[in-house]
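Order-wise, the sequence lines are chains V and P.
Here the first sequence is numbered in our numbering, starting from 126 and rising by one per residue.
Here the second sequence is numbered in our numbering, starting from 126 and rising by one per residue.
Take these hints with a grain of salt, some might be off.
[As the list claims (entries may be wrong)] Derived SDA-like pairs: lysine to any residue, alpha-carbon spacing no greater than 25 Å straight-line:
#, chain 1, residue 1, chain 2, residue 2
1, P, Lys200, V, Arg340
2, P, Lys163, V, Thr194
3, P, Lys300, P, Phe288
4, V, Lys200, P, His346
5, V, Lys321, P, Trp394
6, P, Lys318, P, Thr352
7, P, Lys330, V, Lys200
8, P, Lys339, V, Ile320
9, V, Lys163, V, Lys339
10, V, Lys300, V, Tyr166
11, V, Lys392, P, Trp394
12, P, Lys330, V, Lys345
13, P, Lys395, V, Arg369
14, V, Lys339, P, Leu193
15, V, Lys324, V, Tyr348
16, P, Lys395, V, Ile333
17, V, Lys200, V, Glu232
18, P, Lys370, V, Tyr385
19, P, Lys339, V, Pro196
20, V, Lys392, P, Ala295
21, V, Lys230, P, Trp350
22, P, Lys339, V, Lys345
23, V, Lys321, V, Gly353
24, V, Lys300, P, Lys200
25, V, Lys395, P, Glu366
26, P, Lys330, V, Leu172
27, V, Lys207, V, Tyr158
28, V, Lys339, V, Gly353
29, V, Lys345, P, Asp281
30, P, Lys324, V, Pro280
31, V, Lys200, P, Lys300
32, P, Lys370, P, Thr276
33, V, Lys230, P, Thr352
34, P, Lys392, V, Lys230
35, V, Lys345, P, Ser201
No lab work stands behind these hints, which were simulated from the structure alone.
The model shown is predicted, which means the values in this text are computed figures rather than measured ones.
Number of protein chains: 2
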Amino acid sequence: MKKAALSGKIQTTTSAATQSKMNILLTNDDGIYSEGIKALYEALKSLGDVTIVAPDTERSAVGHGITLTDPLRVKSVYRSNKFFGYATTGTPADCVKLAIRALLKTEPELIISGINLGPNTGYSVLYSGTVSGATEGALLGIPSFAISLATFENPDYRYAAQFAKKLAGAIIANKGLPQGTLLNVNVPAHKGKRIKGIKIVRQSKVAIEERFDKREDPHKHTYYWLTGEIVSSDGQDADIEAIRKDYVSITPIHCDMTDYDFMEELKRWKF
Amino acid sequence: MKKAALSGKIQTTTSAATQSKMNILLTNDDGIYSEGIKALYEALKSLGDVTIVAPDTERSAVGHGITLTDPLRVKSVYRSNKFFGYATTGTPADCVKLAIRALLKTEPELIISGINLGPNTGYSVLYSGTVSGATEGALLGIPSFAISLATFENPDYRYAAQFAKKLAGAIIANKGLPQGTLLNVNVPAHKGKRIKGIKIVRQSKVAIEERFDKREDPHKHTYYWLTGEIVSSDGQDADIEAIRKDYVSITPIHCDMTDYDFMEELKRWKF
Numbered sequence: 126m127k128k129a130a131l132s133g134k135i136q137t138t139t140s141a142a143t144q145s146k147m148n149i150l151l152t153n154d155d156g157i158y159s160e161g162i163k164a165l166y167e168a169l170k171s172l173g174d175v176t177i178v179a180p181d182t183e184r185s186a187v188g189h190g191i192t193l194t195d196p197l198r199v200k201s202v203y204r205s206n207k208f209f210g211y212a213t214t215g216t217p218a219d220c221v222k223l224a225i226r227a228l229l230k231t232e233p234e235l236i237i238s239g240i241n242l243g244p245n246t247g248y249s250v251l252y253s254g255t256v257s258g259a260t261e262g263a264l265l266g267i268p269s270f271a272i273s274l275a276t277f278e279n280p281d282y283r284y285a286a287q288f289a290k291k292l293a294g295a296i297i298a299n300k301g302l303p304q305g306t307l308l309n310v311n312v313p314a315h316k317g318k319r320i321k322g323i324k325i326v327r328q329s330k331v332a333i334e335e336r337f338d339k340r341e342d343p344h345k346h347t348y349y350w351l352t353g354e355i356v357s358s359d360g361q362d363a364d365i366e367a368i369r370k371d372y373v374s375i376t377p378i379h380c381d382m383t384d385y386d387f388m389e390e391l392k393r394w395k396f
Numbered sequence: 126m127k128k129a130a131l132s133g134k135i136q137t138t139t140s141a142a143t144q145s146k147m148n149i150l151l152t153n154d155d156g157i158y159s160e161g162i163k164a165l166y167e168a169l170k171s172l173g174d175v176t177i178v179a180p181d182t183e184r185s186a187v188g189h190g191i192t193l194t195d196p197l198r199v200k201s202v203y204r205s206n207k208f209f210g211y212a213t214t215g216t217p218a219d220c221v222k223l224a225i226r227a228l229l230k231t232e233p234e235l236i237i238s239g240i241n242l243g244p245n246t247g248y249s250v251l252y253s254g255t256v257s258g259a260t261e262g263a264l265l266g267i268p269s270f271a272i273s274l275a276t277f278e279n280p281d282y283r284y285a286a287q288f289a290k291k292l293a294g295a296i297i298a299n300k301g302l303p304q305g306t307l308l309n310v311n312v313p314a315h316k317g318k319r320i321k322g323i324k325i326v327r328q329s330k331v332a333i334e335e336r337f338d339k340r341e342d343p344h345k346h347t348y349y350w351l352t353g354e355i356v357s358s359d360g361q362d363a364d365i366e367a368i369r370k371d372y373v374s375i376t377p378i379h380c381d382m383t384d385y386d387f388m389e390e391l392k393r394w395k396f
């Protein structure tokens, strides 16, 4: 595995930076047959050699799950009679691990997870399979970002796909991302002039108002179905509000979850 | 949903603090039939009314996954002819949501997830179902901790169970935890005098050295199986090294994953 350079940045290799073609890995959690990953592939292929390793079916809200108790299988997927990518029986995190550790001959310079159908903002970042694909990339020392379109209906991925291409260029131009940090990008559903710009924002700390539908199946057995929605936001400097105001939101996310502020207080507790 | 008090702490209610019995919710990711959750139940029941809502089978390494595309089912589980708890078809995070939103009449004052068979240290925190049970509790505004025994073989949960009881008392005595923060506890496998004490430590930033076993099934199809181990540690002030030195490790974990340090640099990028 390539380690981060001493500067604390994950550097792309000099040869890659000067090559006309860079290696890019794509994954997602909506599955390899989704339109979101196809739009991303079409937009990115002019930048380099793009490989897709993605779940064979939808794996939404899997969090940063990985598959330990079952084997993983891989098959080649074709679209319009051309090789499109590898479908696996695993989660997005599994896909990235498999790509780097077993499938790819050359380590990618960039990993992109998406384009997700639906936003990944606030605490949903913790549940998101899309984000976890990029998290796995960051853990493996490769510059990575997740990109989501903030709508569930009538999606048009073109703007988001072009923005992904632009962001890929910016990451390369800035020589990567800090070790263990990824970018979480959300793009408003509106297109063209209605998108007002880009905001670098923190993750919102807003809980989803959840409830369970309690139902009865045809055999008179009870079952529960989770439902809920984000009903509030917590400030202009956070992802949920940026999207509501028609900005593209970019939130740097890191994998050290230690609450350093509380550590000192906890050291004074008596056990 | 109960909100955190204005002080920024999740307060237990006055009535609960003065009651002789407090309400405690237990969950885990090894499943309701595991020995770890039974040991926890036996140790905690003298502290209050303990309710178990746990997966019906092992859900390890599910990360902070939740179940959106399938319904959840719940059944009562008996051990030694006595009601023991509720088993669900969901993940640990699902179990906590279901308990709070649908099954329990009274909101618990404390949620404990474990005792896990095997450690949850370093970046494994991101993959851990055990930790995600406590994370869900913290997101719902209830003081929560995860507890794991740092062995995979010949586990003796008694010391860890007694430590969980002690920590539950400390959390109540200190009037809860900050909103959105949980504790991640790891207990060395050794018992008695060999445990040297308690260390409040950060999450290690050590990658697991992973690889895939590539195999062939009886039908000549290829499959991959993930394996790997932690081979290094990154300092005395982190969880992996504390456990190696025979200390109980306690790491405060929060749910805001924003990399604030990198935000300012990112604002200077040109897109």
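### Query
Are V:Lys230 and P:Trp350 close enough, with their CA atoms no more than 25 Å apart?
Since the Cα atoms of V:Lys230 and P:Trp350 sit roughly 19 Å apart, the hinted pair holds (cutoff 25 Å).
### Query
Has the given pair, V:Lys392 with P:Trp394, been kept, meaning a C-alpha gap of at most 25 Å?
At roughly 39 Å apart (the allowed maximum being 25 Å), P:Trp394 and V:Lys392 break the hint.
### Query
Keeping to a limit of 25 Å between CA atoms, is the pair of V:Lys345 and P:Asp281 held or broken?
Not OK: V:Lys345 and P:Asp281 at ~42 Å, beyond 25 Å, violated.
### 25 Å Cα cutoff - pair V:Lys321, V:Gly353
28 Å, violated
### Message
Run the distance test for P:Lys339 versus V:Pro196: straight-line Cα separation, threshold 25 Å.
### Response
10 Å, holds
### Message
For V:Lys300 and V:Tyr166, compute the direct alpha-carbon distance and say whether it is at most 25 Å.
### Response
Given that 25 Å is the threshold and the Cα spacing comes to 22 Å, the pair holds.
### Message
Would the hint linking P:Lys395 and V:Ile333 be met if the CA-CA limit is 25 Å?
### Response
Violated. P:Lys395 to V:Ile333 sits at ~33 Å, over the 25 Å cutoff.
### Task
Take the C-alpha atoms of P:Lys318 and P:Thr352, compute the straight-line distance between them, and say whether it is at most 25 Å.
33 Å, violated
### Message
Holds or violated: V:Lys392 and P:Ala295, Cα atoms, limit 25 Å.
### Response
Holds, at about 12 Å.
### Task
Take a quick look at whether V:Lys339 and V:Gly353 sit within 25 Å of each other, Cα to Cα.
14 Å, holds
### Restraint check for V:Lys200 with V:Glu232, where alpha carbons must lie at most 25 Å apart
20 Å, holds
### Message
With the threshold set at 25 Å, check whether the alpha-carbon distance from V:Lys207 to V:Tyr158 stays at or below it.
### Response
Given that 25 Å is the threshold and the Cα spacing comes to 14 Å, the pair holds.
Violated hints, in rising order: 6, 7, 8, 9, 11, 12, 15, 16, 22, 23, 24, 26, 29, 30, 31 and 34; the structure is consistent with all others.
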